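> Here is how the chains run, residue by residue.
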Amino acid sequence: MSRSIFLYALWCLGVLGLFLAASSQGYSPFADGARSAAVHGAYGPNHK
Amino acid sequence: MQAVACPNCGAEVSFRSPALPVRVCDYCRTLVVRYAQTAQAMGETAVLPFDISPVQIGTQGQCFDQPFEIIGRVRWSWEDGAWNEWLMLLADGVHAWLGEAMGQFMALRQVELKGSIAQVLRRLMNDGKVSPGESGNIAGHAYEVADDRTVLCVACEGELPFTAPAGWEARSVDFRNRDGRCASFQKDRHGPSLYVGHYVTLDALQPRHLRSLPGWRAPAYAG
Amino acid sequence: MPADESGSVRMVACPACGGSIALRAAGYTVSLACEYCGSLIDVAHPDARIITRYQEAQASLAIPLGTRGTVRGVEWEAIGWLERTDGWASWEEYLLFNPYHGYRWLIAQNGQWSLGTLLTATPRHDGPDYLVDGRRFSPFYNYNTARVTRLFGEFYWRVKVGEEVQASDYVRPGFMLSEERDERERSWTLSEWLRPAEIVEAFGVDRPIPWLPGMTPLAHQPSPFAARIKGWWPIAAATVLALFVMLMLFGGTGEPQRFSLPVIPDGPAVSQTFGPVVISSRRQAVTLAVRTPNVDQGWVDVDVSLVNRRTQDSYDAYALNEHYSGQDSDGSWSEGARGQTLKVASLPAGTYDLVVDAQAHHWGSTGNWNWDQASGTYKVEGLPPVDVSIKVMCGARFASNFFFALLLVLLPPLLMLALHIMFENARLEQKDGGPADASDWIKGMQSS
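Protein chains in written order, with our numbering: chain A, 778 to 825; chain B, 84 to 306; chain C, 467 to 914.
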């Protein structure tokens, strides 16, 4: 196996790993929504 | 490699290359300079190699599906080069030739020039002109002209099926084809002759009793 | 003229005392000095001149004559050197010799090296190409005159400076088939491009430099990028397949929860809280399908927030649904999207409230206009409410992730392809005949 093939396989493994990590967390940099900084005030029952 | 006697002490001084002009004698440390006709033309004209060959009289091997032994040699020279033709005695008593030129070997057997003959051969028999690359059919195979030279016999040794006359000159035209076959047409004072065969490599001849060449390790197949 | 001469030998003796001369050769300079009386031999002395000329020629060669090197298991000695030109480029050729293997040529051009063998069998002509052992060679250089400009040393024929042959070259990646002819003979040589490691190990020459854009490769120089593309594409294919499988596996969505609320166009903004939406996995995305099937000639702006009951963290997204239609000279037209799918990323486990804020607007002059005290504008009264229905599912299939990963995976091979095309274009620029095209790039990908 030549060095370039080894390095490319490593690269693809890295991409796969990143994809796996993102998918398992339900994460995407292209998501329509994410956590917002603004606090909307208290919603719903939050007292026990 | 040419070994000369040191002009000072008489010990052997060897020049590995004919282009090398100077060596130091190992014994008396004299500088020995070699002069050849082309020494003055260094850088303008190439130097021809020494006449050394791994083949020698007494070399044995396999060719044309038979054992052979080298029994003689003719050296042909043309204006700017030279080659050897070694006479092979095959086991069935027939003679064949092993042409050695530019490190390549042609195994050839004489065939009779009769019957239907290719145009290019007819022209050669009539001292006509041929061009390299021109094709013709010889002994059932298609060949093309590889080269065309006027040659002079400069050396003979061993047992030969003829006596070489002084100043023996001939026209020699080589043919080769796609399958590794080769042919050679020769015409001299006595008339035309045709040889047909194929290229062989030294190892394919399964040679034994090759000449030992100082400074070179003989390959595994050599005896 | 006989071709053989062994020549005569002489000893060089000190002209002053007759003692033996020591020869010192360092680089280009040669000095001959007597070991006894120390006098130097005049460089004009014929013996000294010959020695000096030989030494000078030797010193400038990349491989000094007499050097031995092992190539592919066979030991060769460099015995002759010549320089040739075809009027466009010049190159050098070393004649290698081994008495048991014959001769080979070592060709040096642009710092790249090739090993050439004289063929004994003639190649087969097939259209414009030639075939050797079934391998196809395509035309590259067409009948150029190659002339010897400099030479030095020993050759199996007496080459002279100025000697000319008509040369044509045919190539396949890594190999060149050369035809040389003059009035007396026609010969074929097959040369193979040597990898830098091979030639450096054999003869210790300067390491050939790898190709960079802007350099011109040799006619038969193989593209280093083609080899990489061929080696990489199975890995790329396997990775894309794995990515697709993972996309399918991880993209599933759970049971939907449906909510809806009406909003009046140009009426007040409405807000309603729905829920609970429970995220059970440690972290999960949420898919919200926001549909407003009856929006017409207007838009609906829907802001959604998933608010974690425990931490009050808010995860927001918004959808703008609209629909317009009309008639013009081409017939009726319509545009706009009545539904959108929102994907909210990476919510931590917990219970969430879905807060929906919606506002709608209607463009048009149908209906009555009334002064609306609240907003201080004229508003159309009596417009039917727009129904906003939201379908919430845990989990999301982010195809965008997949395509981004695909891009990352394909980036290196595409880069290699671009470099390969640049390499091949630079190489083919020197070709005699038609300009290069895509079929030449593909030929350049052939295996050697």
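It is worth saying that the hints were derived from the structure and are not from the lab. One should not assume that every hint holds.
[Unchecked claim] Stretch-level coverage of chain C by chain B, calculated; a stretch enters the list once three of its residues show a Cβ under 8 Å from a Cβ in chain B:
no.: 1; region: 511–517
no.: 2; region: 555–568
no.: 3; region: 612–620
no.: 4; region: 695–704
no.: 5; region: 778–789
no.: 6; region: 808–815
Here the structure is a predicted model, which is why all the values come from computation and not from measurement. Quick reminder that beta carbons are idealized off the backbone N, C-alpha and C, glycines included.
> Hint by hint, note whether the structure agrees.
Each hint, compared with the structure:
1. Against chain B, the region 511–517 of chain C contributes 3 residues with a C-beta closer than 8 Å to a partner C-beta. That satisfies the three-residue criterion, and the hint holds.
2. For the region 555–568 of chain C, the stated coverage by chain B holds: 6 residues have a C-beta nearer than 8 Å to a C-beta of that chain, and at least 3 were required.
3. Figure legend: the region 612–620 of chain C, annotated as covered by chain B; annotation consistent (5 residues with Cβ-Cβ distances under 8 Å, at least 3 required).
4. Interface restraint, the region 695–704 of chain C with chain B: violated (0 residues with C-beta to C-beta distance below 8 Å; minimum three).
5. Proximity of the region 778–789 of chain C to chain B, defined as three or more residues with a beta carbon under 8 Å from a beta carbon of that chain, is not established by the 0 residues found.
6. Note: the region 808–815 of chain C has 0 residues with beta-carbon separation from chain B under 8 Å; the three-residue rule is not met and the coverage is violated.
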